[in-house]
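S.K.: Each chain is listed here by its residues.
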Amino acid sequence: QQQVKQSPQSLIVQKGGIPIINCAYENTAFDYFPWYQQFPGKGPALLIAIRPDVSEKKEGRFTISFNKSAKQFSLHIMDSQPGDSATYFCAASITSNQFYFGTGTSLTVIP
Amino acid sequence: DAGITQSPRHKVTETGTPVTLRCHQTENHRYMYWYRQDPGHGLRLIHYSYGVKDTDKGEVSDGYSVSRSKTEDFLLTLESATSSQTSVYFCAISPGQGKYGYTFGSGTRLTVV
Numbered sequence: 054q055q056q057v058k059q060s061p062q063s064l065i066v067q068k069g070g071i072p073i074i075n076c077a078y079e080n081t082a083f084d085y086f087p088w089y090q091q092f093p094g095k096g097p098a099l100l101i102a103i104r105p106d107v108s109e110k111k112e113g114r115f116t117i118s119f120n121k122s123a124k125q126f127s128l129h130i131m132d133s134q135p136g137d138s139a140t141y142f143c144a145a146s147i148t149s150n151q152f153y154f155g156t157g158t159s160l161t162v163i164p
Numbered sequence: 009d010a011g012i013t014q015s016p017r018h019k020v021t022e023t024g025t026p027v028t029l030r031c032h033q034t035e036n037h038r039y040m041y042w043y044r045q046d047p048g049h050g051l052r053l054i055h056y057s058y059g060v061k062d063t064d065k066g067e068v069s070d071g072y073s074v075s076r077s078k079t080e081d082f083l084l085t086l087e088s089a090t091s092s093q094t095s096v097y098f099c100a101i102s103p104g105q106g107k108y109g110y111t112f113g114s115g116t117r118l119t120v121v
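Quick mapping for you: the protein sequence lines, in order, are chains A and B.
Under this note's numbering, the first residue of the first sequence is numbered 54, with each subsequent residue one higher.
Under this note's numbering, the first residue of the second sequence is numbered 9, with each subsequent residue one higher.
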């Protein structure tokens with residue numbers, strides 16, 4: 054059973070576009086929601102994270118939007134660049150020391 | 009990745025043989041994890057450790073065992089490798105519980121033939 058459902062599986066945008074990746078969860082006990090970025094041949098790297106007491110968090114060109122009532126959160130990449138081409142994973146955790154990851158979104162930004 | 013090293017980076021092994029993957033950290037973090045990454049499944053937790061000789065199972069622990077005899081080393085053993093264990097294995101470290109992000113290693117690509 055997938056604890057965190059991620060969509061779409063793949064995404065292609067033009068340079069400068071705003072790709073949006075969505076995640077949904079059921080467990081209302083989750084209280085930490087990170088996003089990871091993974092380049093080929095590398096391990097995932099923490100990109101940005103949010104806690105459910107805020108509805109939005111921005112770090113540079115990356116923004117997380119969080120909708121607690123809908124149990125959904127999303128990643129927006131502003132002014133996307135070819136260097137943003139990577140696989141993105143959402144995740145969720147409670148203070149039980151286990152993260153649950155989405156299945157990943159492969160993003161391609163076309164120059 | 010700085011502070012965390014996985015070895016080997018690639019391995020091909022035969023069905024039925026034992027295999028051990030190593031994760032070494034220089035960050036003195038308390039928590040260490042083993043994940044496997046498979047297409048369509050994302051990252052799934054195999055085992056984790058919350059201190060020397062303190063380990064627990066994750067969601068896909070069958071067929072795997074772990075050991076942590078020193079803070080810096082966390083070993084993952086496939087007791088008798090099967091083709092279903094062909095995967096990319098990632099080690100991760102964390103200074104604390106739950107609300108801290110992980111630092112991942114670069115992964116070990118294991119092929120069981």
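Don't read these hints as lab results, they were simulated from the structure.
Please note that a few of the clues may not be correct.
Said to hold, decoys possible - No more than 27 angstroms apart at the CA atoms, straight line, and that leaves these computed lysine-lysine pairs for DSS-like:
#, chain 1, residue 1, chain 2, residue 2
1, B, 19, A, 95
2, A, 110, A, 124
3, B, 78, B, 19
4, A, 58, B, 19
5, A, 95, A, 68
6, A, 121, A, 111
7, B, 61, A, 124
8, B, 78, A, 58
9, A, 121, A, 68
10, A, 121, A, 58
11, B, 78, B, 61
12, A, 121, A, 110
Claimed, not checked - Which bits of chain B does chain A cover? Going by a derived footprint, with three or more residues having C-beta under 8 angstroms, they are:
#, segment
13, 24-37
14, 110-120
Quick caveat, the model's predicted, so the values are computed rather than measured.
For every residue, glycine included, the Cβ atom is placed at its ideal position computed from N, Cα and C.
S.K.: State for each hint whether it applies.
M.R.: Quick rundown of the hints versus the structure:
{"no.": "1", "hint": "19/B to 95/A", "verdict": "holds, 16 angstroms"}
{"no.": "2", "hint": "110/A to 124/A", "verdict": "holds, 16 angstroms"}
{"no.": "3", "hint": "78/B to 19/B", "verdict": "holds, 24 angstroms"}
{"no.": "4", "hint": "58/A to 19/B", "verdict": "violated, 31 angstroms"}
{"no.": "5", "hint": "95/A to 68/A", "verdict": "holds, 23 angstroms"}
{"no.": "6", "hint": "121/A to 111/A", "verdict": "holds, 17 angstroms"}
{"no.": "7", "hint": "61/B to 124/A", "verdict": "violated, 37 angstroms"}
{"no.": "8", "hint": "78/B to 58/A", "verdict": "violated, 36 angstroms"}
{"no.": "9", "hint": "121/A to 68/A", "verdict": "violated, 31 angstroms"}
{"no.": "10", "hint": "121/A to 58/A", "verdict": "holds, 15 angstroms"}
{"no.": "11", "hint": "78/B to 61/B", "verdict": "holds, 8 angstroms"}
{"no.": "12", "hint": "121/A to 110/A", "verdict": "holds, 14 angstroms"}
{"no.": "13", "hint": "24-37", "verdict": "violated (count 0)"}
{"no.": "14", "hint": "110-120", "verdict": "holds (count 6)"}
Of the numbered hints listed earlier, those contradicted by the structure are 4, 7, 8, 9, 13.
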